[in-house]
Amino acid sequence: MLIRKRGQAAMEFLMTYGWAILVVLVVIGALAYFGVLNPQSFLPKKCQFSTGLVCSDHVLRSSGELVLRINNGLGNDITINNITFVSDNGIIACKTADADKDKTVPAGSETNFKLDLPIDATKATTCGTAGAEAIGKFKGSRLKGKLNLAYTDLQTQFPHNQQGTLLTDVE
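Positions 1 to 171 (the numbering used here) are the ones given, in order, by the sequence shown.
Among the hints, a few may not be true.
[Stated by the list, open to error] Pairs of lysine-lysine, DSSO-like flavour, derived with a Cα cap of 27 Å:
1. Lys144 to Lys103
2. Lys146 to Lys101
3. Lys114 to Lys46
4. Lys144 to Lys46
5. Lys45 to Lys146
No wet-lab data here; the hints were simulated from the structure.
Between the sequences and the hints, there should be enough to build the whole structure, so can you do that?
Quick look at the structure:
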């Protein structure tokens, strides 16, 4: 008789803690589902290139316009031929506007560059007016992607490419 009561007490103990653990797992699952536990939401916005070129500010508007403020810390004047951005999810892809192509940036100064032309004109989900509806769906959310900056050093006349990353909110 004593053995059965100990077995029942052990079973009640396990069932009580089992339900408590199940409730905790359901709460954690709900928080993860609604994005509260998304680690990317805790990261700061960033726009970053390798050494020499600094992206001092940026904005991605829901109208489909991406603007980067590039600081030339390379020591020589450069001409920025093209900048491209492709989001990690592949939905947004754009390149430098025609007005900003082949823009010269003197050493030590900074200039704004607007990216609003689609990389592939056949896709509707790109920067600019063609992709404004697609980008507008992401308003208030965070996007991450890769930048590629093609420039020419005006002293040596050598072309270069620099890779970068962009983590930003759609405004």
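Hints, one by one, checked against the model:
no.: 1; hint: Lys144 to Lys103; verdict: holds, 26 Å
no.: 2; hint: Lys146 to Lys101; verdict: holds, 19 Å
no.: 3; hint: Lys114 to Lys46; verdict: holds, 17 Å
no.: 4; hint: Lys144 to Lys46; verdict: holds, 9 Å
no.: 5; hint: Lys45 to Lys146; verdict: holds, 14 Å
Violated hints for the displayed structure: none, as all numbered hints are satisfied.
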